[in-house]
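A.B. asks: Start from the sequences, fold in the hints, and give me the full structure.
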Amino acid sequence: MWDASSTEALLLSLGVSAVATAAAIVAGVPLSRWLSRRRSLFFSSLEGLASLPLVIPPVVTGYLLLVAFRPAGVVGRALGALGVQIPFDWKGAVVAAAVVAFPLFLMISRVAFDRCDPRLEEAARTLHAGPLRVFATITLPQALPGLAAAAAVTFARAFGEFGATMMLAGNIPGRTRTVPQALYSELLAGRPEAAWGLTWVSFAVGLAAIMASQLLIRKLPGVAPPGARDA
Amino acid sequence: MKTHALRIATYAALALAACSPAGRDEAPAITVLAAASLEEALAPLAAEFGGRSRVRIDFASSGVLAKKVEAGAYADVFLSASPEYMESLGAGGLLLPGSRRAILTNRLVCVVPRASSREFASPSDLRAAGVKRLALGDPGHVPAGRYAKEALAYYGLWEELQPKTLPCADVRGALAHAEAGTVDAAIVYRSDAATSDLVRVAFTFADGSHAPIVYEGSVLKRTRHREAAEAFLAFVASSAGAFADHGFEPPPREAN
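Same order as they appear, the protein sequences are chains A and B. Here this note's numbering is used: position 78 in the first sequence is 620, and no number is missing along the way. Here this note's numbering is used: position 209 in the second sequence is 213, and no number is missing along the way.
In case anyone wonders, no lab produced these hints; they're calculated from the structure. We put the beta carbon where it would ideally sit given N, CA and C, even for glycine. Among the hints, a few may not be true.
[Unchecked claim] Not close to chain B: a few residues of chain A, all C-beta gaps over 10 Å, as computed:
(1) Thr549
(2) Glu550
(3) Ala560
(4) Ser587
(5) Gly590
(6) Pro599
(7) His670
(8) Ala678
(9) Ala750
[Unchecked claim] Taking lysine-lysine and the DSSO-like style, the derived pairs with C-alpha atoms no more than 27 Å apart in a straight line are:
(10) B:Lys168 x B:Lys72
(11) B:Lys225 x B:Lys71
(12) A:Lys633 x B:Lys168
(13) B:Lys168 x B:Lys136
(14) B:Lys136 x A:Lys633
C.D. replies: Structure, rendered in structure tokens:
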């Protein structure tokens with residue numbers, strides 16, 4: 543049910559998901575703050591474009607990433623000059639997971655910023671607080687539970703990522719064989735019993751992330767149930 | 005414009021309905037599970053056979069198909085890229101006794117992207133530093149991958165080359181990576197190489213370096229169309245010429 547290769551896959555998946563989530567936070571917080579409360583065709587198309595990996599088949603996302611990142615590809619050539627190789631490397635697993643999970647971060651964090659009270663920001667500005675200070679002391683504390691919820695869901699999605707990862711990073715034992723790919727390989731090799739340990743781990747990670755995000759979202763302004771509001 | 009598209013959709017739906025088994029009760033539709041490497045060669049044959057029975061083919065790696073049969077999926081004929089899966093299905097009583105036969109043989113080759121200037125004189129040239137990534141079928145469940153591992157082990161190269169290998173979900177996945185130029189070389193069947201203009205064969209593995217690659221076919225025990233299934237299998241086994249165009253060879257005589 544559990545052996546050294548399961549541990550290897552689990553550690554890799556945890557590491558890959560953590561880095562992918564960190565990348566989603568770095569790119570997603572400024573982007574979702576910028577997109578928040580903007581409702582023009584331009585902004586909806588931008589958000590739609592960034593959200594596409596959520597709905598198109600991950601294998602397609604993975605293939606497009608592979609074409610871009612391969613040594614002869616547009617991005618791959620530039621990175622190759624810097625000595626960085628993305629395909630068939632753990633970094634490829636990070637890129638695949640980050641791209642596929644990013645839309646979830648963007649959606650939840652944009653709602654978190656939408657929920658912030660604009661009058662408080664207005665008040666801070668009348669007291670001559672600069673934009674960065676308004677963001678750090680007024681906006682961010684209100685949105686923080688939502689951003690944490692977004693990060694939890696993003697982590698879980700990255701942990702479960704399969705199709706794009708297989709295309710871009712491959713399923714190389716001990717190098718890019720993540721938990722979902724290890725599960726796939728064990729099942730196809732006729733060792734379903736070896737897959738149970740990783741199956742339970744996947745359940746646990748997913749459930750923990752979803753429950754954490756539910757608890758966190760209740761802390762957003764205007765989401766708490768009426769009774770909890772006065773407390 | 006919209007009505008035009010709608011009309012086309014209606015015709016398409018009607019055409020599909022006309023093809024449904026209910027419309028042709030004399031010719032039963034048979035379901036064939038076939039190794040992914042047979043796709044190009046088998047699809048036209050199945051169409052040719054279509055005059056007698058309609059043929060539906062599910063192409064995937066032989067290991068995946070054997071799993072489906074073991075799990076109880078309905079099919080009439082199984083064409084496997086390796087005798088190994090036939091053995092296990094036979095032991096499980098899932099094959100129609102007496103129907104199993106060798107239908108084709110294949111060779112194992114190393115391909116490189118067509119644009120690649122790389123030349124290999126022998127398998128040990130795969131050790132070159134310039135060969136960073138070598139795609140093959142996942143030896144865990146893809147026959148082509150097992151043969152590849154066996155051949156590399158025969159030359160004493162497996163331990164050294166394994167870290168460079170990219171195990172793929174089926175042999176066509178390995179070919180696709182060579183076609184896209186995302187790997188430096190791939191080990192596939194000669195028949196796979198013959199399907200693609202985007203790769204060229206760098207060398208062919210010697211016969212003795214791996215077990216003979218024999219494709220076997222059998223009617224499955226749970227068939228409901230035994231006659232049609234047996235006829236299809238006999239038709240496939242007698243079509244050596246059509247398969248030769250796709251890089252396959254007929255089976256050795258004693259195996260028949």
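A.B. asks: Compare the structure with each hint and give your call.
C.D. replies: Hint check results:
no., hint, verdict
1, Thr549, "holds, 18 Å"
2, Glu550, "holds, 14 Å"
3, Ala560, "holds, 25 Å"
4, Ser587, "holds, 25 Å"
5, Gly590, "holds, 24 Å"
6, Pro599, "holds, 15 Å"
7, His670, "holds, 55 Å"
8, Ala678, "holds, 44 Å"
9, Ala750, "holds, 30 Å"
10, B:Lys168 x B:Lys72, "violated, 31 Å"
11, B:Lys225 x B:Lys71, "holds, 15 Å"
12, A:Lys633 x B:Lys168, "holds, 16 Å"
13, B:Lys168 x B:Lys136, "holds, 6 Å"
14, B:Lys136 x A:Lys633, "holds, 16 Å"
Hint 10 from the earlier list is the only one contradicted by this structure; the remaining hints agree with it.
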